[in-house]
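Chains as they are written, first to last, in the working numbering: chain A, 1 to 422; chain B, 1 to 422; chain C, 1 to 422; chain D, 1 to 422.
If you're looking for bench data, these hints aren't it; they were derived computationally from the structure. A few of these clues could be false.
It does not matter which identical chain is used: a pair holds within one copy or between any two.
[Stated by the list, open to error] When the alpha-carbon atoms are kept at most 25 Å apart in a straight line, the in silico SDA-like pairs for lysine to any residue are as follows: (1) K419 to P209; (2) K26 to G104; (3) K419 to Y373; (4) K175 to R9; (5) K419 to D205; (6) K26 to R102; (7) K26 to N173; (8) K419 to S369; (9) K419 to T194; (10) K419 to Y363; (11) K419 to A203; (12) K175 to Q260; (13) K419 to V192; (14) K19 to A358; (15) K419 to A358; (16) K199 to P217; (17) K419 to G368; (18) K419 to H211; (19) K419 to Q312; (20) K199 to Q135; (21) K175 to L258; (22) K26 to H179; (23) K19 to A40; (24) K419 to A40; (25) K199 to S247; (26) K419 to G371.
There are 4 protein chains.
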Amino acid sequence: MKPETGVDRLNTLLESYLKIRRDSEKICEGLSAEDCQLQAMPDVSPPKWHLAHTSWFFERFLLRTGPDPTPPIPPLYDHLFNSYYETAGSFPPRAQRGLLSRPGLDEVIAWRHDVDRRILELSSDEKQGELHNSQILEIGLHHEQQHQELLLTDIKYNFFMQPFQPALGTTRNRKTDAHAPALRWERLPEGVHTIGHVKETFAFDNERPAHRIYINPVALASRPATNGEYLDFIRAGGYRQVELWLSEGWNWVRAHHLQQPLYWHYDDHHGWRQFTLHGWESLAMHEPVCHLSYFEADAFARWCGARLPTEQEWEVFARRRPLTGHFFDFSDLHPAPAHDDASQVYGDVWEWTSSSYAPYPGYQPLAGSLGEYNGKFMVNQYVLRGGSCATPWQHIRPSYRNFFPATARWQFTGVRLAKDLL
Amino acid sequence: MKPETGVDRLNTLLESYLKIRRDSEKICEGLSAEDCQLQAMPDVSPPKWHLAHTSWFFERFLLRTGPDPTPPIPPLYDHLFNSYYETAGSFPPRAQRGLLSRPGLDEVIAWRHDVDRRILELSSDEKQGELHNSQILEIGLHHEQQHQELLLTDIKYNFFMQPFQPALGTTRNRKTDAHAPALRWERLPEGVHTIGHVKETFAFDNERPAHRIYINPVALASRPATNGEYLDFIRAGGYRQVELWLSEGWNWVRAHHLQQPLYWHYDDHHGWRQFTLHGWESLAMHEPVCHLSYFEADAFARWCGARLPTEQEWEVFARRRPLTGHFFDFSDLHPAPAHDDASQVYGDVWEWTSSSYAPYPGYQPLAGSLGEYNGKFMVNQYVLRGGSCATPWQHIRPSYRNFFPATARWQFTGVRLAKDLL
Amino acid sequence: MKPETGVDRLNTLLESYLKIRRDSEKICEGLSAEDCQLQAMPDVSPPKWHLAHTSWFFERFLLRTGPDPTPPIPPLYDHLFNSYYETAGSFPPRAQRGLLSRPGLDEVIAWRHDVDRRILELSSDEKQGELHNSQILEIGLHHEQQHQELLLTDIKYNFFMQPFQPALGTTRNRKTDAHAPALRWERLPEGVHTIGHVKETFAFDNERPAHRIYINPVALASRPATNGEYLDFIRAGGYRQVELWLSEGWNWVRAHHLQQPLYWHYDDHHGWRQFTLHGWESLAMHEPVCHLSYFEADAFARWCGARLPTEQEWEVFARRRPLTGHFFDFSDLHPAPAHDDASQVYGDVWEWTSSSYAPYPGYQPLAGSLGEYNGKFMVNQYVLRGGSCATPWQHIRPSYRNFFPATARWQFTGVRLAKDLL
Amino acid sequence: MKPETGVDRLNTLLESYLKIRRDSEKICEGLSAEDCQLQAMPDVSPPKWHLAHTSWFFERFLLRTGPDPTPPIPPLYDHLFNSYYETAGSFPPRAQRGLLSRPGLDEVIAWRHDVDRRILELSSDEKQGELHNSQILEIGLHHEQQHQELLLTDIKYNFFMQPFQPALGTTRNRKTDAHAPALRWERLPEGVHTIGHVKETFAFDNERPAHRIYINPVALASRPATNGEYLDFIRAGGYRQVELWLSEGWNWVRAHHLQQPLYWHYDDHHGWRQFTLHGWESLAMHEPVCHLSYFEADAFARWCGARLPTEQEWEVFARRRPLTGHFFDFSDLHPAPAHDDASQVYGDVWEWTSSSYAPYPGYQPLAGSLGEYNGKFMVNQYVLRGGSCATPWQHIRPSYRNFFPATARWQFTGVRLAKDLL
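Using the sequences and the hints given, assemble the complete structure.
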């Protein structure tokens, strides 16, 4: 639904603002201040840092460009909570975010609330409808939703590395003996299609402009691959067959002695289990496989006699399906089992595509520092599509492009197969 | 010209064989046995290794599959001169190729000649026309031509790192004060085009199958960018402006303190010079800039208000031009100045495209170990097109795809700009 | 004073126990739980870990060998809070101590108190005088005193690396314009001397056995070198004169771009300052220089036309002086100014000796796991003597041997010069 | 024998000069130019570099300080063949010595001969007896003898890493079934002794001044430990028992998966063999064990219930024995079997001592750049004594101090046990 303009639009945004800001804090409710400081590898950030950085984003790009251009910000926050915006000032090395014992969690939460108060004040001044600010406000909300997903995946990784391996959620009752529906191949219509965001509603700059592409004969799988299917690959020696792997992937797998997805573990007593946000659970064969690197997804697809789809193929496939699925909002923070009545194209697991993250023809980054949001990462990363069980539902679109390096495994990343029909 | 079949075709191939094998040795004529052992970084190989590996290729994939399946090969050669074919046996770590003091250069040359003799014998047996072998023979020739280019670029790098910085060729007389013709923008026809190798003549598996793509509104530059234009970028502070760079490129440039292309040097006495296969020469402003990484090519394009072309755009552009240019065969081992009467689309410098190296829809790697030739490298590499002054002329095609990581600079790599017309 | 035997001795020890255990907690009183989790480099440990590890030491080596051999210990603690005792079980990599968000600081403190309670119970049972346990108890107290010093130096380093650079103590009023007394050279009696611990009182195994050594003609400085003297070395270009440095030290200094001691900083506005446990202070020229690496101490001595003393020379020098000085107990956590009426041989700053840490002739490590306490570190480390302003007074002896690698700078490490009289 | 003064002394030196210079070249006679360029790890140097560096030493420190202060030296040689003399100019990084394809081996040999000619000319001018030069000449000869040993050990390592593992010498006939004589413990006289070089004959600065030390009650083994004894250590699980190892050694052994000395190899077909300068040979149990790191020597000694001797103990032990043994001059480039009639204290294998390399009391380095010869390495290295089968006989003295880091294994390094008698 296209948002209204002017006052209505701003009111809608402010409602979202209050909910989204609250949601971020809710995610961390079960964590101690010490948990919120954990950074178990440079790729993940401490929860406290996420809570602070998302506030900085509003403070830096919205409050500071408002009528009061120098709102109070505690000393050093402008440096500490900048993530990577080179043109917006300095920032600490990513790997040192875990050293921020100060400000304490309490101070960060208090600052969040202060920013919230000032955003509301500003917005009430603006109710006559300053369009510029509402656009930044909207970006800030989508930005915070991205960090909600990162909060969940980073907490999962931190807790996995924590000696006690605690759970964020409570223990679940699950059916683990059900079967996934048979995989069907669904042919795409060959020819010229349009991809990219066409509406006037919100989308990131990397989804624009909409443009034409050509789809060659191809079919995509009716559902993501399952744990059971991936286990077949493991049992068939997939991690030991060099001919299945990209050269760089093979070297990486051997160097790290990898033999299964991240969070999987086998022992004779328990059999196969996986670490989830609910703690260790037995592996359900009919759930979508996740926490795969690009290299693993690619090798698995080759073993299946298939390949990964391109992001263009994925989007053409996805546009023909309803935007529903198993998201953060409704979810128990884990992918739902494969089921027959939908393709699980949105939600559950991000799906690796074979497309390197690149600008669309005619791509224009946002003006100013926000131009660094997406464009500067368009190299040596691969596009993922569809959102996951940790993505807020309202955050996702058919044109939405996520991206990670080929070795990243700590996101909820899975695989949907594709097959050439040439 | 499409090769003949049967006996004629084999005769033509054998003529090429003799010439190409001789050419590889000619390149190394001015080098001592010690020069031929140099490996100044893991990416480059010692010339002696190139001479041996190209023989191994014929020995392993042709002689060994011939009527005498176990031809004599000196002990260990099968291990030592395998480059990266995991399914064809073991091989030493790439960085240790410089430790091959034995076999000596003389022995390697003698082995080359022995392989040549046996290839001719085998072929004379085959004159009735065993098609299989002539295909492998043809691949072997294209393979050796690739290594001729690597011989030149690796010698250049080794000699640059050698304390005496010797020259492979002799000193040249060059005009350095001429001007490059003005750059013109040439619009591509929007719409569906076919790219990839369509003929039955030789092409690598990665150029197939031909397939349709859609070209959005775009124009490409009439010629590669020049040293003069790149120097303007340097003088305007291009290496210090973070907003011009991909994030990974910026970190790389800073970590290595880069301020100019590989082989460039400035001092007050000589001004700007570059190291060439003829030794140090003053920088000619109207020559195509080369020895750029992808990151530099991309930053330069952004500074120009342009971008790199995709490989699809490049191929549509190139297919409309004659396959002529400044190649290894006619060349003085350095890019020729930009000139008005041609677009220099082939030869001179490889042109970076913004396309990550990926399989075409319907891609089928070769069967057996030769399937490792291309497919397993299709990740985190960028496609270059058109060949260079170090590429044999007969080796290049409009559909030819070269590929290197974004940081590679020791090839003759330059840039042709593209501009969106959206 | 030689401790009494039996019950008296145990009572004395228990008094010390209560005080020492309390002191460790007092050091951390001003820290938040988040501060207590900081680990800014692998060499330092989070304060919370120190508090837990010192409890583990009593639990593992005393309670577990007591009448109730399996006292309750929370799960994983035995693994998490083992520092490096390979024969006592497993332990996490040192660099991962900062990941211990759980147990929380509160739990660690509660566990401390539980251990304390059980130690007192055990001791009351033992008042008939089980000698074995009281020896372990005594070692545990000296062990905890060592960790008190590490708590202070690690907090100092963590706070220095913390973006806000907070202070542990309050701001001080200091005289910074006083002068150090002139340095005098004090000759040692040439000939055979005995070093090492001779009494029956407590000493670590590495101080034993007492044995004879020969002192050649040498004089030692009457006091440690001062900040003012070290600043002269800096101003004379000491960090740029290769001939003053050990080869390994020179490479290290250049690789890290070192130009002054750790915690020193110069800017035009403030002049020279140093970071202390009281925050940034202006540099007082008459205070002993500290936070020097062995390499810096050695280069400075060479610049002075002197050298570092051996540990044998140091001990012969020290044995002739009263065991008084500026220690943790009386101190404001920073070395006191040089003064005329004493040699500052004990306390203030640890003094680097030129002696590599090695076993004394006849050295016998303790039996069992405690044999790992000292012996296994006797390689590539240098001996420091005398204690510092962060060392508890009762912890030090003339024979006391501290040791660190030549690059360590985060301890209170200074230098006393020696001069050959040959 | 004490050398004569004046003309006689110079004549004696020149005779040695001619022999020593010739010996260096003889060592390399069986090597190709390509072999002479090998550098299989940064610690070893290519043979060609040794041949050139030893010439540079005479050129730089003798010819250049002679009557003709600017003798001709080919361009860059002064930079290329400086090893580590910071005050004598620049030098390439050690790890890049293998890149010196130019000058070729022929040019290096020709330059050697040119330096020889000029040394002889200079000396004939000097026959009136310029003392200064003859001292430098003498140092240069001892320096070249050190490089002869390095030539042998570096060739051994390079050839071991070479895929063909060639031999420098020819195959030998050896008795491998003999027994070593039983090990006896020989008590040193307790009390004050003098160590260090006392005569006026040549010695390096690090052997001076002679000074007094105190020997506590100790006994040393009558012979070095044998392969058979070390194999017992291996079979008893020595490499897997953490309590035998220094902490740093344990981490190093595990990180490199070490399970035997360098050059040892076991397979079911051949049993235990070792790589020697004569190629692979079966392991003779009665030969001294060698190619041990300090860490292995130390762990082995601990397993034996013994320890390494200090260098003071070693020297007191050695001074009472004749300076004979199995040296480079008489040797087949491998340690000779243990035998009953001598202690093998000189020659065969360098013996690790527990002494960190440090200056003697009153140590004065040589003046000028030669002061860098020894002094700057006096940290984190351990002293070895006695020379090896690769050391020229005339090069060794009771006071001679060799030194290597605790991980070095490519020298002929073995172990003589010591035992405290306290």
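Which holds for K419 with Y373 at a C-alpha limit of 25 Å: within a copy, between copies, both or neither?
-> between (34 Å within a copy, 22 Å between copies)
Same-copy or cross-copy closeness of K26 to R102 [CA-CA at most 25 Å] | both (21 Å within a copy, 20 Å between copies)
Alpha-carbon proximity context of K419 and G371, limit 25 Å = between (36 Å within a copy, 19 Å between copies)
Could you place K419 and S369 in one of the four classes (within, between, both, neither) given a Cα distance threshold of 25 Å?
-> For K419 and S369, the Cα distance is within 25 Å only across copies (23 Å; inside one copy 41 Å).
Checking K26 and N173: alpha-carbon separation at most 25 Å within a copy, between copies, both or neither?
-> Close inside one copy (23 Å), not across copies (47 Å); limit 25 Å.
Indicate which option fits the pair K199, Q135 if close means a Cα-Cα distance not exceeding 25 Å: within, between, both or neither.
-> Only inside one copy: K199 and Q135 sit 15 Å apart there, 52 Å across copies, limit 25 Å.
Between the shortest in-copy and the shortest cross-copy C-alpha distance, which are at most 25 Å for K19 and A358: within, between, both, or neither?
-> So K19 and A358 fail the 25 Å test inside a copy (33 Å) and across (42 Å) alike.
Homo-oligomer pair classification [S247, K199; C-alpha up to 25 Å] = Answer is neither; intra-copy 41 Å and inter-copy 29 Å both fail.
Should K419 paired with Q312 be assigned to within, between, both, or neither, using CA atoms and 25 Å as the limit?
-> For K419 and Q312, the Cα distance is within 25 Å both inside one copy (14 Å) and across copies (22 Å).
Alpha-carbon proximity between K419 and V192, which holds within one copy, between copies, both or neither at 25 Å = both (19 Å within a copy, 22 Å between copies)
Indicate which option fits the pair K26, G104 if close means a Cα-Cα distance not exceeding 25 Å: within, between, both or neither.
-> both (17 Å within a copy, 21 Å between copies)
Since the copies are identical, ignore which copy is meant and state whether K175 and R9 lie within 25 Å (CA to CA) inside a copy, between copies, both or neither.
-> neither (43 Å within a copy, 64 Å between copies)
Hint compliance for this structure: hints 4, 14, 21, 22, 23, 24 and 25 are broken, all remaining hints hold.
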